[in-house]
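**Q** In the order they appear, the protein sequences are chains A and B.
Following our numbering, the residues of the first sequence are numbered contiguously, the last one being 462.
Following our numbering, the residues of the second sequence are numbered contiguously, the last one being 198.
Careful, some of the hints might be misleading.
Coverage of chain A stretches by chain B, computed from C-beta distances (three or more under 8 Å per stretch; other residues unrestricted) [what the hints assert, rightly or not]:
(1) 16-26
(2) 39-48
(3) 78-86
(4) 152-159
(5) 424-437
Keeping only pairs whose Cα atoms sit at most 25 Å apart, straight-line, the calculated BS3-like set for lysine-lysine is [what the hints assert, rightly or not]:
(6) Lys197(B) - Lys3(A)
(7) Lys195(B) - Lys190(A)
(8) Lys413(A) - Lys397(A)
(9) Lys38(B) - Lys3(A)
(10) Lys38(B) - Lys75(A)
Every beta carbon over 12 Å from chain A, so not counted as near; a handful from chain B, in silico [said to hold, decoys possible]:
(11) Asp4
(12) Leu32
(13) Arg37
(14) Lys66
(15) Ser83
(16) Asn114
(17) Ser123
(18) Asn145
(19) Glu150
(20) Ile153
Simulated from the structure, these hints should not be mistaken for lab results.
On a predicted model such as this, the values are computed, not experimentally measured, just so you know.
C-beta atoms are modelled at their ideal positions from N, C-alpha and C, and glycine is treated no differently.
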Amino acid sequence: MAKTLFDKVWDSHVIEKINDGPDVLLIDRHFIHEVTSPVAFVGLKKRGLKVMYPDKTFATADHNTPTIDQHLPIKDKLSAIQVDTLEKNCKEHGIDFWGLGHSKNGIVHVIGPENGITQPGLTIVCGDSHTSTHGAFGAIAFGIGTSEVEMVLACQSIMQQKPKSMRITIDGVLNKNVTPKDVAIYIISKLSSSGATGYFVEYSGQVFREMSMEGRMTVCNLSIEMGARGGMIAPDQKTFDYIKGREFAPEKEKWNDAIEYWSSLQTDNDAVFDKEYKFNANEIEPMITYGTNPGMAIPISESIPFSNLDPNSSYQKALNYMEFKEGEKMIGKKIDYVFLGSCTNGRIEDFRSFASIIKGKRKSDNVDAWLVPGSHKVLNSIKEEGILDILLDSGFKLREPGCSACLAMNDDKIPKGKYAVSTTNRNFEGRQGPGARTLLASPLVAAASAITGKITDPREIT
Amino acid sequence: MAYDKFNILNSTAVPINIDNIDTDQIIPARFLKATERKGFGENLFRDWRYNSDDSKIVSFPLNNTKYSGKILIAGKNFGCGSSREHAVWAIYDYGFRAVVSSFFADIFKNNCLNIGVLPVQISDSFLKEIFSEIENNNNSKFEINLEKQELKIISSGSSENFNISQYKKSNLSNGYDDIDYLVNKKHIIKNFIGKSKY
Ligand code: SF4
Numbered sequence: 001m002a003k004t005l006f007d008k009v010w011d012s013h014v015i016e017k018i019n020d021g022p023d024v025l026l027i028d029r030h031f032i033h034e035v036t037s038p039v040a041f042v043g044l045k046k047r048g049l050k051v052m053y054p055d056k057t058f059a060t061a062d063h064n065t066p067t068i069d070q071h072l073p074i075k076d077k078l079s080a081i082q083v084d085t086l087e088k089n090c091k092e093h094g095i096d097f098w099g100l101g102h103s104k105n106g107i108v109h110v111i112g113p114e115n116g117i118t119q120p121g122l123t124i125v126c127g128d129s130h131t132s133t134h135g136a137f138g139a140i141a142f143g144i145g146t147s148e149v150e151m152v153l154a155c156q157s158i159m160q161q162k163p164k165s166m167r168i169t170i171d172g173v174l175n176k177n178v179t180p181k182d183v184a185i186y187i188i189s190k191l192s193s194s195g196a197t198g199y200f201v202e203y204s205g206q207v208f209r210e211m212s213m214e215g216r217m218t219v220c221n222l223s224i225e226m227g228a229r230g231g232m233i234a235p236d237q238k239t240f241d242y243i244k245g246r247e248f249a250p251e252k253e254k255w256n257d258a259i260e261y262w263s264s265l266q267t268d269n270d271a272v273f274d275k276e277y278k279f280n281a282n283e284i285e286p287m288i289t290y291g292t293n294p295g296m297a298i299p300i301s302e303s304i305p306f307s308n309l310d311p312n313s314s315y316q317k318a319l320n321y322m323e324f325k326e327g328e329k330m331i332g333k334k335i336d337y338v339f340l341g342s343c344t345n346g347r348i349e350d351f352r353s354f355a356s357i358i359k360g361k362r363k364s365d366n367v368d369a370w371l372v373p374g375s376h377k378v379l380n381s382i383k384e385e386g387i388l389d390i391l392l393d394s395g396f397k398l399r400e401p402g403c404s405a406c407l408a409m410n411d412d413k414i415p416k417g418k419y420a421v422s423t424t425n426r427n428f429e430g431r432q433g434p435g436a437r438t439l440l441a442s443p444l445v446a447a448a449s450a451i452t453g454k455i456t457d458p459r460e461i462t
Numbered sequence: 001m002a003y004d005k006f007n008i009l010n011s012t013a014v015p016i017n018i019d020n021i022d023t024d025q026i027i028p029a030r031f032l033k034a035t036e037r038k039g040f041g042e043n044l045f046r047d048w049r050y051n052s053d054d055s056k057i058v059s060f061p062l063n064n065t066k067y068s069g070k071i072l073i074a075g076k077n078f079g080c081g082s083s084r085e086h087a088v089w090a091i092y093d094y095g096f097r098a099v100v101s102s103f104f105a106d107i108f109k110n111n112c113l114n115i116g117v118l119p120v121q122i123s124d125s126f127l128k129e130i131f132s133e134i135e136n137n138n139n140s141k142f143e144i145n146l147e148k149q150e151l152k153i154i155s156s157g158s159s160e161n162f163n164i165s166q167y168k169k170s171n172l173s174n175g176y177d178d179i180d181y182l183v184n185k186k187h188i189i190k191n192f193i194g195k196s197k198y
């Protein structure tokens with residue numbers, strides 16, 4: 001029977017099928033971090049269990065770590081305890097731990113790919129919903145809860161109902177200044193923030209074929225924002241070239257075997273999806289969100305849509321929170337903060353894009369800009385490629401790696417009522433700090449807005 | 001035994017008639033710093049329950065003394081966003097044992113089932129009926145019967161069935177969880193890994 005890429009990877013990992021129940025799915029790689037793992041280790045202890053395969057789990061500290069002065073002890077007591085607890089747990093169970101200051105430390109979904117841990121055909125999980133990022137390599141990757149983290153630690157497997165399949169095809173060539181972030185936000189705005197719940201998405205078509213690996217990661221990362229469990233893109237030469245030579249990549253004969261297997265990971269021509277969507281590349285413009293979920297997004301040059309909904313609707317509630325009105329233009333609205341970073345847009349390509357816009361210009365005095373690389377490797381590349389000099393010359397500063405204001409667990413909180421153009425993934429109420437107002441956009445829009453102090457179309461910056 | 005058994009729940013309910021409630025609202029990230037599963041109920045819906053000076057927002061249903069019970073009723077697409085299980089821990093710790101909505105986000109639903117909170121998915125129209133029932137009579141009682149897979153408004157007798165797999169159903173009624181199941185399969189898992197490519 002014809003199979004989708006997703007079927008091929010899923011089916012080869014099913015250990016047992018339970019009648020009127022979930023599949024028992026083998027997990028190949030598991031990432032853990034300080035926030036969603038401690039209770040899982042407590043659970044193991046209570047049950048008297050050990051980690052079954054410690055070499056298949058990788059640990060980093062990223063969610064609540066500071067982004068300045070990382071060489072000093074963590075000031076926030078609770079955060080320090082969480083990071084210490086992770087380190088202790090890893091030591092006790094023999095898990096690799098890449099803590100603060102470690103050359104491989106960074107945001108969990110940035111360091112997996114950049115160290116070659118993320119590979120086609122694998123099943124990858126982590127207690128963080130944006131685990132979908134790793135799907136860019138043709139892996140099945142999805143976020144899990146802490147009980148499931150415990151499950152994977154204990155039994156290297158997980159019990160999951162097989163999701164339905166969806167394919168999103170976009171052909172054509174993207175317009176200038178339209179980035180992978182815009183493509184993803186565009187899709188979410190079309191499908192809504194729950195439009196893909198229950199599905200696993202495959203992205204196909206010219207746009208994704210031509211996209212860089214970093215771009216594919218951004219797109220797959222945002223799959224969860226339309227409710228999908230994950231998203232994936234069939235591996236190709238670009239994927240192989242990206243992985244080759246990285247620390248955990250297969251070597252020598254194993255490399256050739258891997259390529260042969262990876263090349264088979266394509267959806268068969270006559271495979272059938274439960275749902276299909278098709279869009280045209282030339283319809284997509286730079287996007288921005290105006291509400292409190294990522295589906296509330298429009299092309300940056302357009303106005304906030306009118307709805308016929310009553311004043312108590314969730315739509316109006318969102319606009320009230322943002323202090324926006326129906327029919328208003330987004331362009332030209334004053335902003336207070338710009339945040340470049342996160343597992344959505346904190347990779348080297350994102351810093352290159354940002355730098356391309358601000359080069360030779362000055363940051364607006366009215367804007368506080370927080371630029372946070374996704375990892376130490378990204379930080380090093382920023383320095384090596386001369387991007388740091390461009391940033392400093394334009395009045396920007398660079399922070400140290402971590403999740404930072406993506407979820408505002410550490411001190412990096414956008415103050416109440418302030419507007420932040422943010423390259424992250426969620427504009428929920430209070431996501432970036434209590435009362436903070438988030439406008440999700442691409443690194444190009446963030447850069448253009450940082451220069452002018454207002455929401456700005458990158459196409460208008462010359 | 002991993003959690004309390006769930007069979008029949010008979011209770012009043014607390015309504016939060018808002019769509020797309022994400023887990024950042026259920027429990028904001030700044031309250032995720034614990035290393036044990038304790039005390040999350042205090043911060044359930046923190047920023048909707050309290051002003052920034054920690055005074056209560058009286059209009060919010062959890063602060064409204066009219067409402068109480070072990071069932072939380074919420075608008076559609078409940079639990080979207082972050083995978084944090086802390087959201088369900090907070091719901092459980094506050095005293096809820098079931099959550100009713102017309103649509104749940106995937107990971108949230110799994111997280112509920114994994115700790116023994118029952119997610120009850122019903123039609124939009126029945127959800128509406130329940131919201132108006134509570135609006136008319138905040139002491140109205142509901143019965144959730146896991147065996148029959150049925151949610152009933154006791155006063156009117158109006159009811160609807162909900163879906164749950166047989167596997168999860170028997171887990172809940174026995175108080176077992178997935179790890180209880182998997183640890184007995186370790187030899188099969190080991191064998192499988194031995195034969196797998198990775
Ligand atoms: S950057 Fe944000 S979304 Fe990504 S792993 Fe960190 S908290 Fe999660």
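**Q** All hints are to be evaluated individually against the structure, with a verdict given for each.
**A** Outcome of the hint check:
1. Residues of the region 16-26 of chain A with a Cβ under 8 Å from some Cβ of chain B number 8, which satisfies the need for three, so the listed coverage holds.
2. Residue count for the region 39-48 of chain A with a Cβ under 8 Å from a Cβ of chain B: 4. That meets the three needed, and the coverage hint holds.
3. Proximity of the region 78-86 of chain A to chain B, defined as three or more residues with a beta carbon under 8 Å from a beta carbon of that chain, is established by the 5 residues found.
4. Requiring three or more residues with a Cβ within less than 8 Å of a Cβ of chain B, the coverage given for the region 152-159 of chain A holds, as 6 such residues are present.
5. Look at the region 424-437 of chain A against chain B: 7 of its residues bring a Cβ nearer than 8 Å to a Cβ of that chain, three or more, so the hint holds.
6. The hinted pair formed by Lys197(B) and Lys3(A) meets the criterion: a straight-line CA distance of about 19 Å does not exceed 25 Å.
7. Between the alpha carbons of Lys195(B) and Lys190(A) the distance comes to roughly 43 Å, so the proposed pair goes past 25 Å and is violated.
8. Distance hint between Lys413(A) and Lys397(A) is fulfilled; the C-alpha atoms sit about 17 Å from each other, no more than 25 Å.
9. Pair hint Lys38(B) plus Lys3(A) does not hold up; C-alpha atoms about 45 Å apart against a cutoff of 25 Å.
10. The straight-line distance between the Cα atoms of Lys38(B) and Lys75(A) is roughly 23 Å, inside the 25 Å bound, and the hint therefore holds.
11. At roughly 15 Å, the least C-beta separation between Asp4(B) and chain A is larger than 12 Å, which holds for a residue marked as non-interface.
12. Chain A draws Leu32(B) into its interface by the beta-carbon criterion, the shortest separation being 5 Å against a cut-off of 12 Å.
13. With a least CB separation of 5 Å from chain A, Arg37(B) falls inside the 12 Å interface cut-off, contrary to its annotation.
14. No Cβ of chain A approaches the Cβ of Lys66(B) within 12 Å, the least distance being about 18 Å, so the stated non-interface status holds.
15. Taking the minimum C-beta to C-beta distance to chain A, about 4 Å, the non-interface status of Ser83(B) is violated against the 12 Å cut.
16. A beta-carbon of chain A comes within 12 Å of the beta-carbon of Asn114(B); the shortest separation is about 4 Å.
17. Taking the minimum C-beta to C-beta distance to chain A, about 16 Å, the non-interface status of Ser123(B) holds against the 12 Å cut.
18. Asn145(B), annotated as away from the interface, keeps every beta carbon of chain A farther than 12 Å; the closest lies near 19 Å.
19. Interface exclusion of Glu150(B) from chain A stands, the closest Cβ pair being 18 Å apart, more than 12 Å.
20. The beta carbon of Ile153(B) is kept farther than 12 Å from every beta carbon of chain A, the shortest such distance being approximately 23 Å.
Hints 7, 9, 12, 13, 15 and 16 from the list above are not met by this structure, while the remaining hints are.
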